[in-house]
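Student: Chains as they are written, first to last, in our numbering: chain U, 58 to 310; chain L, 141 to 236; chain H, 37 to 367.
There's no promise every hint is true.
Pair by pair, the computed Cβ-Cβ distance ranges are [as the list claims (entries may be wrong)]:
id, chain 1, residue 1, chain 2, residue 2, range
1, U, Arg124, H, Lys280, 42 to 50 angstroms
2, L, Val196, H, Glu54, 41 to 49 angstroms
3, L, Met160, H, Lys340, 40 to 48 angstroms
When the alpha-carbon atoms are kept at most 25 angstroms apart in a straight line, the in silico PhoX-like pairs for lysine-lysine are as follows [claimed, not checked]:
id, chain 1, residue 1, chain 2, residue 2
4, H, Lys268, L, Lys209
5, H, Lys75, L, Lys200
6, H, Lys358, H, Lys340
7, H, Lys340, L, Lys209
Keep in mind the hints are simulated off the structure, nothing from the lab. Think of the CB as a built atom: it goes at the ideal place given N, C-alpha and C, for glycine as much as any other residue.
Listed here are the chains, written in short residue letters.
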Amino acid sequence: MALENPLFEFLLRQGDNALVLGHRTSEWCGVAPILEEDIALANMALDLIGQTQMWLGYAGEVEGTGRSADDLAYLRDVYDFRNLLMLEVPNGDFGRTQMRQFLFDAFQVPWLTRLQDSRDTRIAEIAAKCVKEALYHLERSSQTVIALGDGTEDSNARMAEALTFLWPYSGEMFVDDATDQAMADAGVALLPSELRGPWLETVKAVAAEACLTLPDSDYAQKGGRTGFRHTEHLGHMLAVMQTLQRSYPGATW
Amino acid sequence: MTHENEWPLWEVFIRGQHGMSHRHVGSLHAADAEHAIRNARDVYTRRNEGVSIWVVEAAKITASSPSDKGPLFDPARDKVYRHPTFYDIPEEVGKM
Amino acid sequence: MYAQMVQSTGKGLQDRKEMSPEDQAFQDRIDRGEKIEPKDYMPDAYRKTLIRQIGQHAHSEIVGQLPEGNWITRAPTLERKANLLAKVQDEAGHGLYLYCAAETLGVSRDELVEMLHSERMKYSSIFNYPTLTWADMGAVGWLVDGAAIMNQVPLQRTSYGPYARAMVRICKEESFHQRQGYHIMIKMAKEGTADQKRMAQDALNRFWYPALMMFGPSDKESVHSAQSMAWKIKINTNDELRQKFVDETVPQAEFLGLTIPDENLRWNDETGHYEFSEPDWSEFFEVISGNGPCNVERLNARRKAWDDGAWVREAMLAHARKSQKRAQAAE
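Bound-form chain U, shown alone (with noise of 0.2 angstroms):
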């Protein structure tokens, strides 16, 4: 199948997974277990916010219709969405919404790393300015996922049912496609499945910490970032986030 534009593709991946977790993070506000974590979860959110602007931004110039960050983030519905499942499925209890931002950082960080290589300068801009949030994400979110997993034994046992449940949804992270290949065929990125093994590294020694142990299973649930098969739990998202704009077309606010 004739790839139509996989670069708008690829940048709608980057942008949709910030958007995504960057509105999950954000429904802690207020809720969290501490003032220090409210606080720094809502910083962690407004970075994702930030990042959403810069990729979707970016999409919607490379897709040359008009289409703005907020046309795109507000006005798609489940099926145009390209983030990864895990980042959609709802945050659970502090403990998994800790060990899903590790997951996910632990990818982060030499995935930017490397991005800030890009062929494509406006995506090494966006990734180096990303890189170093993502550097503190995950030194936040790795030394709370070791205090957790190493605390007691019930943080202990609910952190191994947070990486038990989370564990299948991390291997979409390195499934390789058409658009990875095309994106690294142009020198724009490199293919996901190559930083396996680094990132498998980072897990194995911080769940060591933790007092944790992997999961065998290799399967991964798929079909977020190819927009394929999302959960169902990402369209009542959308009907949250979206409704003001859904409700009022064409209002500016």
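Given the structure of chain U, go ahead and fit chains L and H onto it with the hints provided.
Tutor: Chains L and H in isolation, oriented as in the chain U frame:
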């Protein structure tokens, strides 16, 4: 009611952009020192306020006692010769 | 205000002749404009009143996250979402600064939180009203933060050092909050569609009187206020602040083309102030005593967040203690 799981209180000191000394900016709760540094980053540098953070557990600070205020600080009051304005320099010497 | 109807001694202003020599010296320091610091001598009643006031102020910031947090996931653009999230995050920060100020008086944050959850301490009545449309984000920022700023700016001069310093930081950070809200109102009421204009007016209709109530009932005769003012932990009377708020807000509403829901509102040339209707104080007392539209939900949301987070707080501390032991063993 006991609060055995309350995280200790930390005092936070931040050095701003312009090379001044670390300054006390406030307090927060954290489980340990590294956690306190991260929390300080998130709580007290949201507006680009700092380039360096110190944290110290509040319980570990030794403070001067208010009742010592007289003996500690009054003796410095009459040492006016420590201040440059104490010395008159003739105008023709210029800026010094 | 964020700290409404704070009880002091209940005995009215203490006569100087009845004061102990320490208390006289203490009052003299305040009269000279000196700051009282945590380890300084202070009368027990001053300490207790301050804990109540700062604690109530802190609780208001934290509960105050909820009505606005209600719209973060529905903000209409990415920029609006970021603005609102940053603002609600600031409220968490302000709660944090205030709890820390209260902690210098010998009460822990967890104790204060427990008192909130067991309804032994209050928070501002305003946060017991629902936020129903996006225009409410405008109205809350414009009116509620506007009213809060009226009270908080003078509190930067309050006599208790840690409280004053917290207020300095809070006022600096808050300066964008009211503008953020007013900006939403401009977009909707002045530049918006017919629907948006209706939403904006509707929000003003619902928030006007609750905003006036934030300052608390008239306290000209209040025994608590007289003592608190002598201690400089309350700087203006409720009526002064309410009048100032109305005087500043009415022209802002006119600019938006919105109507303040008060038939008696008129400019008085002689006094140089607006005349306005008092809010329904019976409603205020109902809300304060737990019968407002959202009291139950707000407190339950706070309790749930706290209870759900208990395992996290416990585990992080357990990990810190284990790490410390491991480090000591390795030495």
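Student: It remains to establish, for every hint, whether it holds in the given structure.
Tutor: Do the hints match the structure? See the list:
| no. | hint | in the structure |
| --- | --- | --- |
| 1 | Arg124/U - Lys280/H: 42 to 50 angstroms | holds (47 angstroms) |
| 2 | Val196/L - Glu54/H: 41 to 49 angstroms | holds (42 angstroms) |
| 3 | Met160/L - Lys340/H: 40 to 48 angstroms | holds (43 angstroms) |
| 4 | Lys268/H - Lys209/L | holds (23 angstroms) |
| 5 | Lys75/H - Lys200/L | holds (15 angstroms) |
| 6 | Lys358/H - Lys340/H | violated (28 angstroms) |
| 7 | Lys340/H - Lys209/L | violated (47 angstroms) |
Hint violations for this structure: numbers 6 and 7, all remaining hints satisfied.
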